[in-house]
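A.B. asks: Sequence:
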Amino acid sequence: MRCQPFLGQSHLVLRDNLLGWQEGNVTAFLASAVTAAYPELVGEPYRDADGREYLPMLGTPVMVMVADGDRLASIRERADTRGLRIGVYTADLFATGNDVDNRAAVASVATEKLDLVGLAVAGERRVVDKVVKGARLHP
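Just so you know, we're using the numbering used here here: the sequence shown kicks off at 140 and counts up by one.
Straight-line C-alpha distance at most 20 Å; calculated SDA-like pairs for lysine to any residue:
1) 269 to 199
2) 252 to 155
3) 252 to 234
4) 252 to 208
5) 269 to 224
6) 252 to 219
7) 269 to 227
8) 252 to 230
9) 252 to 235
10) 272 to 219
11) 272 to 148
12) 272 to 156
13) 252 to 217
14) 272 to 166
15) 252 to 233
16) 272 to 202
17) 269 to 209
18) 252 to 226
19) 269 to 205
20) 272 to 207
21) 269 to 222
22) 252 to 157
23) 252 to 216
24) 272 to 208
25) 252 to 220
26) 269 to 219
27) 272 to 203
28) 272 to 201
29) 252 to 156
30) 252 to 242
31) 272 to 216
32) 272 to 255
33) 272 to 224
Just the calculated beta-carbon pair ranges, DEER-fashion:
34) 246 to 182: 31 to 37 Å
35) 237 to 197: 22 to 28 Å
36) 276 to 195: 23 to 29 Å
37) 209 to 187: 41 to 47 Å
38) 265 to 189: 41 to 47 Å
39) 251 to 182: 36 to 42 Å
40) 192 to 219: 35 to 41 Å
Hints in this document: simulated from the structure, not taken from any laboratory.
Just so it is clear, CB atoms sit at the ideal spot from N, CA and C, and this is done for glycine as well.
Put together the whole structure using the sequences plus the hints.
C.D. replies: Pasting the structure below:
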């Protein structure tokens, strides 16, 4: 499947019934998915007035949104049909403790059966906006 080039828009969509710690965890992992897929989006290191250097961050806005499980599934389907690169976080990943087990948990479930709790959608802004339609900004 051909993927769209990244032109400055990414959305993280979380399931709307997550606990606070789960929201933070899913957000962090999905932001890392965007960073891994598009390393050119990482800005320069930060420096304070004393010259101390801090880690660089994504240099583009990342919108965090919420949706129910059915909407997450439809967002994944719309992203697939448009050839967008996506990151997934499933409920099974809350019970794993490392990347190998995370990938095995996702690999053990068919696409349509994934229990999605979060998605990262990245691509051209007008396309991404259409794909995430129906999700709302995180409160």
